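Per the working numbering, the sequence shown starts with residue 745, numbered consecutively.
Don't read these hints as lab results, they were simulated from the structure. The structure displayed is predicted, hence computed values, not measured ones. Don't be surprised by glycine CBs; every beta carbon is placed ideally from N, CA and C. All clues stand as given, with none of them false.
Here are the simulated distance ranges between beta carbons: (1) Lys1304 <-> Asp1041: 28 to 36 Å; (2) Glu1416 <-> Asp1041: 28 to 36 Å; (3) Leu1066 <-> Thr1148: 20 to 28 Å; (4) Lys1114 <-> Glu1307: 45 to 53 Å; (5) Glu1320 <-> Lys811: 38 to 46 Å; (6) Gly799 <-> Glu1152: 28 to 36 Å; (7) Asp863 <-> Lys1108: 43 to 51 Å; (8) Asp1041 <-> Pro861: 48 to 56 Å; (9) Lys1376 <-> Asp1050: 34 to 42 Å; (10) Thr1148 <-> Asp1096: 20 to 28 Å.
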Amino acid sequence: MNMRRFLPLLGVGLLALTACDPVTIKSDAVNIGNGLSSANTNVTSNQPSTPVEIGNLLYPKAVAFDKADIKTGVIKADPILVPQGHIVLPAKQDVPSELEGTIRWIGRPLRPGEQKPSDPFEYLDVKDPYTQEGQPAKIYTYIRLRVNDYVEKDKPVALLEDKMSILNVLSALRAMDVAVADEKSARKQVEYYDLEYRSNLKANKEGKAAVPDIEVAKSKAQVTVAESQAESKKAALGKSKVEFDTAQEKLSRHTISPALSGRVQSINKQAGDAIKAGETILQIQDTKHLQIEGAVDVQNLGLIQDGMAVTIQPSRKTGKYLTMPRTSSRPITAIATTRLGPDHLVFVASEDGSVHMWDLKSIKASFKHKEPVRTLACTLPSVAKQFIVTGCDDGKARLWYIGTPKSEAKEFDGHHVGGVLACAISPDGKYCVTSDERDIYLWETATGKKLYKFEERKHVQPVVKLAFLPQGRVVSVGKDNDAACVWKMGDKNATVERSFDHRGGEVSNLGVSDDGNRMLIDQDPTRLNIVTLGDGVTESTLQSPSESNKFAGLALLSPKLNEKGDRVIVTTGSTEGSLQVWKTPTGGGKSAELENLICDDNAQATAAAFSTVGVGGFIVAGTKKGSVYLWKLPDTEELTHVYKGVIPKKGSQVEPNGKTVRIIAELENPTEERWQLLPGDTATVIIQP
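With the hints as extra help, turn the sequences into a complete structure.
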């Protein structure tokens, strides 16, 4: 090729490459005090070749961002998490019958203070089948036994038909009474003959009245005979006692009692059923002593010691608290919440073009659209005249006032080229931002006027999440692994103040805290970083239990749940039909799953939102099948309740996968029913080296 022709082409190519590679200034570390630094490789500050003129700040008096809350001082090793451990009961008993017979009753004794049932079974105690003279018979009341009932060691749980055995006991008792009387009479006779013999000897010795020798010998012989008869009667009494004890022991075997305390797992027989000796009537499991079986990575085994104390974090399966009346079978696309006076309001958008307002009792209003609704947002309760904004596939954003009878849609001037994918309203309700495949617009809500389009083209994927912060900033999130950006808002335009690139996850709806200070960033499919939006520091990380359980869809941060400022994170992932609730990790630590929220329709959750308040609040979610469920948020006690256990002996056998070793942690199940753990549930074992 001619060199003169080649050089211009080379210059054009270099210019093209330069245009495709904007200058980025990467911040590798942020100083957090005390000589520590937090890696921050996913944060970049983009400087466009031509800076965007944003004018005056849209909110010049907005609150400032908080700084990262990272504890300094003594540095502890990261805790070792053993996720998805299985809670098992090491002790159980198949309670059998010792005799062949017919089951008369399956039940347990009525406990002190317990209300007597309408159909009790009353029975004479088999250990006291007779009473002392003048004393009333001791009657015991039994209550019908059901699965999961708690039963006590050595206390009756079933009775066999025992009429013949009771008769045998009574017969043996009567025979023993006769033997007692005979033995007593024989002893009296010995005493009489012995007294007569001794009197004869005494009379002869004193010479008062001589008794013939023959009479003395005769009286002595009578003593010997009487003593022999007394011994015979004593032996007969002993035999009658053995016969009575044998009859009573056989009678007691008609009463079935467990060898351990626990809960009834299954009942295999019913009253009236025939049963063979050794056949199981019911199964009992000891729920007081629990084990958690899990697997720890081989490389962490050396950090674990025999007898090491551990913390247990169970993951409870929680059914919904409320269900919204069914309005559609199409997927739920968006959910938002607010309050109007004392009432909570939930707005639910669907692919069928409907938006419904639910006050947790009934549907109070509906907002109809001709196109599928993809996004919606509502004002904070502090806004005087509250409204919602909806975005549809037709590219239009619409404003609807709530609390106004027969509210009509107010369309914003202009529209997006593509469908509206996300929207957010400013805290004071004056502005709204909307997005589509690439563009982000700022609107004035009072007039519906479009103020400007964001000039910087930071996103290369559709913008699927927007949030308007109290700090006068806007957060935008691109689909898939596209960037998450913090925009500084001006009255003329907006510019990227901070961006989080190199996202490697599959979460499109990344949560932002209601105070605007923190955000979730999917570092990869199994890790969510909690980052501070003011300085871009990663405060802590939420780690998925395993490589197969990926975070996907949504990951939201709750409002503060107490004065301490505790929050939870709600996520969806690869498992359909449930949402996961996590304690928010703090101080650079890790966290464990707290609850598993179950969707009755077993469908994937497609949208979710928290109530505007955390204390006494809720999480509401909609599914791919059009269902909407509500669950209560955990209270402070649930967040702070601690289960303590111990690893009695660490394992040593490597599992077939070659990566993990099986370990067992032991703990005492709490006695208070609210905190009791059930076999089959899962838990995370937290080990602090």
